[in-house]
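Peer 1: Each chain is listed here by its residues.
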Amino acid sequence: MKRIVEWLPALVVFVLVVGLWEGIVRALHVQQFLLPKPSTIVSVFWTERHTLWPAGWYTFKEALGGFALGSGLGILAATVVGRFRTLGRALMPIFIAANAVPIIAFAPIFGAWFNPISPRSKMAVAGVLCFLPVMVNTLRGLNSAKPRQIELMRSYAASELEIWRRVRVPTALPFVFTALKVASVLAMIGAIVGEYFGGALNALGVLINSSAEVFQFSLAWAGILVASLLGIALYGAVVGTERLVVRWTPDMRET
Amino acid sequence: MNVVEIAGVTKTFAQGNVTALENIELELQPGEFVSLIGPSGCGKSTLLRVIGDLTPPTSGTVTVNGKPAHRARKDGDYGIVFQDSVLFDWRTVAKNIALPLEMLGWDRERRKTRVEEMLDLVELRSFADHHPWQLSGGMQQRVSIARALSFEPALLLMDEPFGALDEMTRERLNLELLSVWEKLGSTVVFVTHSISEAVFLSTRVVVMSPRPGRIAGVVEIDLPTPRTAETRYTPRFFELVTKVRELLRSRGEHLLPEEEELLEADR
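Each protein sequence line maps, in turn, to chains A and B. Residue numbers for the first sequence follow this note's numbering, so the first one is 30 and each next one is one higher. Residue numbers for the second sequence follow this note's numbering, so the first one is 149 and each next one is one higher.
Derived from the structure by calculation, the hints contain no laboratory data. It is possible that part of the hints are untrue.
To be verified - Straight-line Cα separation of at most 20 Å, DMTMM-like style, residue types lysine to aspartate or glutamate; simulated pairs: (1) B/Lys243 to B/Asp277; (2) A/Lys175 to B/Glu308; (3) B/Lys260 to B/Glu250; (4) B/Lys243 to A/Glu191; (5) B/Lys222 to A/Glu189; (6) B/Lys243 to A/Glu180; (7) B/Lys222 to A/Glu191; (8) A/Lys175 to A/Glu189.
Unchecked claim - Listing some non-contacts, in silico: residues in chain A with all C-beta distances to chain B over 12 Å: (9) Val42; (10) Glu77; (11) Ala97; (12) Gly101; (13) Thr108; (14) Ser147; (15) Val222; (16) Ser257; (17) Val268.
Keep in mind that this is a model prediction, so the values were computed, not measured. Backbone N, C-alpha and C fix where the C-beta goes; we use that ideal spot for every residue, glycine too.
Bound conformation, chain A alone (with noise of 0.2 Å):
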């Protein structure tokens, strides 16, 4: 019941600014090109169903991929870099100075080394997007761990090993799940866009540009539908990991 009351005021802005979509697209006759009525998407999602899901699941699991590849290397590296402090010198500068590069525009690049209709092009795209954001964190939150917490544990003769499991492991958690789910919107981006610059014809990404394409706009608009309903799926199956894991901060319980 907490729960439901909770929700409600988001619930009320979301059958809000549906209802206004609608009622303004209906009342000026905007053009189909420019946006279609929420009731159209809807109903093209569901007749043209049998074409989507199998698109976005195709889709899903190159992202996926990317992402469980991209978060897992960025975490690797993270603990290697963070163990071997003269390697965190040399390599972090360029990691940051990498980070600030718009990897997407890289997207074709892979499709050249890959193949460009093999779902290893978009897991790639994926992948690079989610590994620096990974990495970052969570060697910030291997570093995190409190001064004083690290003195106490070398005064019951813990060995670095032992302090790295018992205190820098538990204080990154933390810091690793904001990153997962920045990295699990990334992954969808990535594996979306890649399909843009080519890809299996029954890709999602590739869907929804070809659609764009013949003018087929409610379906392109069905399909971001279905890319936006699986990239929350993969968003709240970090959050919900996150909650499973991560139950000792007060501020879990607000977010």
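Once you have looked at the hints, place chain B on chain A.
Peer 2: Quick look at chain B alone, frame taken from chain A:
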């Protein structure tokens, strides 16, 4: 045998060329409660850290239980309590107290029994499964003390443990600490800058003076035990407080204005 023997300890910090400690000589017998007191910059916290092998002395030696301090740390001879409780957010109260026991390789049953004893000792039994953020500052510090005492360390090092707490909580925890100390018979080194706290708790008060950090004098506290809230109103308590204050004063020419204020505030 002395629990702690400090011989000719000097500590200089390369940064700013500061002599934090100069030629410190001090011995602690088993079961003693020794307070280190002095204005900021007198090196009392540094001395505590040197005893605990958290920072090495520039010269001189620290011997704990007949061993070099480094060996003593490796053997788990120290229980440490800092000014802030330094609890681990991801561990419950019970698990925070159990941490040193885990490090010492105690088995689960033994840990559980001991944690329960410690929870009773600091009267936090009903909070065993709470996380630190759910506790008040005073309760957090009690958990920290329970954790430091859980493995019955030969030496308990406390660095202004009640400095961040309000006066009421502080006086209550002083009494609690004394009753725990009497029960367990540990040897305690207690850093503070409250004269009344030092006199109330200690068997000996070591007065330090700054720049360079030296021992200005030692006051034996012969107040009867067990000490109670009424001890603070006895004439002997006032005499001893005055004695400590005079020792601090005698080095007055070294004091900075804010240190003067600190002494005044404690009156």
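Peer 1: Now, for every hint given, state plainly whether the structure supports it.
Peer 2: Do the hints match the structure? See the list:
{"no.": "1", "hint": "B/Lys243 to B/Asp277", "verdict": "holds (8 Å)"}
{"no.": "2", "hint": "A/Lys175 to B/Glu308", "verdict": "holds (18 Å)"}
{"no.": "3", "hint": "B/Lys260 to B/Glu250", "verdict": "holds (11 Å)"}
{"no.": "4", "hint": "B/Lys243 to A/Glu191", "verdict": "holds (16 Å)"}
{"no.": "5", "hint": "B/Lys222 to A/Glu189", "verdict": "holds (13 Å)"}
{"no.": "6", "hint": "B/Lys243 to A/Glu180", "verdict": "holds (18 Å)"}
{"no.": "7", "hint": "B/Lys222 to A/Glu191", "verdict": "holds (14 Å)"}
{"no.": "8", "hint": "A/Lys175 to A/Glu189", "verdict": "holds (15 Å)"}
{"no.": "9", "hint": "Val42", "verdict": "holds (32 Å)"}
{"no.": "10", "hint": "Glu77", "verdict": "holds (47 Å)"}
{"no.": "11", "hint": "Ala97", "verdict": "holds (25 Å)"}
{"no.": "12", "hint": "Gly101", "verdict": "holds (23 Å)"}
{"no.": "13", "hint": "Thr108", "verdict": "holds (18 Å)"}
{"no.": "14", "hint": "Ser147", "verdict": "holds (42 Å)"}
{"no.": "15", "hint": "Val222", "verdict": "holds (37 Å)"}
{"no.": "16", "hint": "Ser257", "verdict": "holds (34 Å)"}
{"no.": "17", "hint": "Val268", "verdict": "holds (18 Å)"}
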